[in-house]
Amino acid sequence: MKAEQISIFLENRAGRLEEVARLLAEAKINIRALSLADTSDFGILRLIVSDHEKAKKTLKDGGFTVGRNAVVAVQVPDTPGGLHSILNMLSSQGINVEYMYAFVQQSSKAATIIFRFDRTDQAIEVLTKNGITIIPGDTLYSM
Amino acid sequence: MIFDDDMETLPREELEVLQLRRLKGLVDRVYANVPFYRKSFDDAGIRPSDIQSLADVRYLPFTEKQDLRNHYPYGLFAVPKDNVVRIHASSGTTGKATVVGYTKRDVENWATLMARSLVAAGATKRDIIHVAYGYGLFTGGLGAHYGAERLGATTIPMSGGSTKRQVILLRDFGATVICCTPSYSLFLYETALESGIDIKELPLRIGVFGAEPWTEEMRRDIETKLGIKAIDIYGLSEIMGPGVGIECIEAQAGAHLQEDHFLLEIIDPVTKEPLPPGETGELVITTLCKEAQPLIRYRTRDITSLNFTPCRCGRTFARMHRVMGRSDDMLIIRGVNVFPSQIESILLETQGLTPHYQLLVKREGNLDTLEVQVEVDEKIFSDEIKNLQRLGGKIQKHIKEFLGVTAAVKLVEPRSIQRSEGKAKRIVDMRNSS
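Chains as they are written, first to last, in the UniProt record's numbering: chain A, 1 to 143; chain B, 1 to 434.
Extracted from the complex, chain A is given alone in its bound form (with noise of 0.2 Å):
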């Protein structure tokens, strides 16, 4: 149930996120998702790709150190309160989201989630018992 995203460590220079978006494209690799977290010093672009095990090759030869780590792709429904109702289920579990993006998907009606829990195990199991659609990273990289 859980998805592969990828994270790259970014030194704070102009040049940098754009290097990182060339090596993809040159490699032909699809970008699904993106957040860009940064500091007054460095940042962390965090990506779910068409393929990550290529993605992270590419980038590690191009020099850029390279994390990857278990997160969880929500279907959340795209109604008000469709968010608050996942987080609420979760916080009443003391479950913690260390950060989360979203993307809405063209002619659809719901929105993906990526979230990173502090447990994330338990996250899926407390979301799954719900009802909430989780959406495996096979689906999610082709999306």
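Just so you know, these hints were derived from the structure itself, not from any lab.
Fair warning: there could be bad hints in the mix.
What follows is a list of derived Cβ distance ranges for each label pair [claimed, not checked]:
id : chain 1 : residue 1 : chain 2 : residue 2 : range
1  : B       : K164      : A       : G94       : 47 to 57 Å
2  : A       : K60       : B       : I385      : 15 to 25 Å
3  : B       : K81       : A       : K60       : 56 to 66 Å
4  : A       : G62       : B       : Y72       : 44 to 54 Å
5  : B       : K400      : A       : K2        : 32 to 42 Å
6  : A       : S40       : B       : R334      : 21 to 31 Å
7  : B       : Y59       : A       : A14       : 58 to 68 Å
As the structure is a computational prediction, the values presented were derived from the model and not from experiment.
C-beta: ideal position from N, C-alpha, C; glycine also.
Fit chain B to the known structure of chain A by using the hints.
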């Protein structure tokens, strides 16, 4: 066990009487026989008869590595060349080689000091000593070899290289003591494992390690992996070679320096003034007994401190703290002495690994600033910002705690710090460039 009970446990008062007698003899000899020293004494307005106490040594001029180079190859010899039986030399990677000559007696003394060292490390004449230091102009191999023979142990003159063969012979000959660099011991361990040999299962029990700086963490690593006691030996070719000092197996807490042969001082590397006992500074050694090429107040450039408290092994010789750095690459930041090696140990303790790092020193207004750049590799990277910021904060806190200096810690991408061919360039000092 002590090899030379009379000398190694000599009460300090008697030791000092002996040292003063030897110092006076030495000063007379070099003044009479070495033009370099005669001139430098004259220039400093010192006559040999001015040396009346050990403290008077501070009036004598220093000898530096450059002096050896300037008198390459034989210019500092104090005896006729006929009396010189052996020559050693440093590799000369940073300039001309430094050449050191030995008389027959020097070689014998060296063997004795090395035998003492092996015994302090826990070896006996019943041991089989595998010498994997290089033989040749480098002092390691022959120094350890003659010491092992002087002790009466079975000596294996393996020298360096052919690591696979070393492993086989370690096993077949049943060596119980090995002399090599600490990093080579780990390489031997890994090579052995590849051939299905666990060094821990062999009779090897002691490693006498020197010729490169190492840490407590590395010692623990070696001791666990190889199942041996790892002992730090100190020496430098200009003074003698291995055996200038060694840790005792009883305490493993600082190398006892052989004070009957060497007069020790710790000086402030900047003011060059002697420092009180226990203070940290540069080790300066005067060779009390050397005949062929005695050195007066040789600046070792090694930063350390001396511990004169009695050791549980019974030896009265002072112990030196593990070398903390080299005075050649000391930084002074807002009046505080900082060595790259100290930062390295802090990084090691903070993260349990040695990342690539660099120290950037700048002056903002009248204030020095230190930035420690640490490359983020996969072992320390996290997808969560708070973890990386916590790491930076932890490094900063440890630097403040251990060195008293506030440093900015900057996490940088791998390979963003310039690599150099030889030794890593750890310091970029921009204070004088603007």
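For each hint, the structure was consulted:
1. K164/B - G94/A: 47 to 57 Å: Holds, at about 56 Å.
2. K60/A - I385/B: 15 to 25 Å: Holds: the Cβ-Cβ distance is about 21 Å, inside 15 to 25 Å.
3. K81/B - K60/A: 56 to 66 Å: 60 Å, holds
4. G62/A - Y72/B: 44 to 54 Å: 48 Å, holds
5. K400/B - K2/A: 32 to 42 Å: 40 Å, holds
6. S40/A - R334/B: 21 to 31 Å: Holds, since S40/A and R334/B (Cβ atoms, about 24 Å apart) stay within the stated range.
7. Y59/B - A14/A: 58 to 68 Å: 60 Å, holds
The structure meets every hint from the earlier list without exception.
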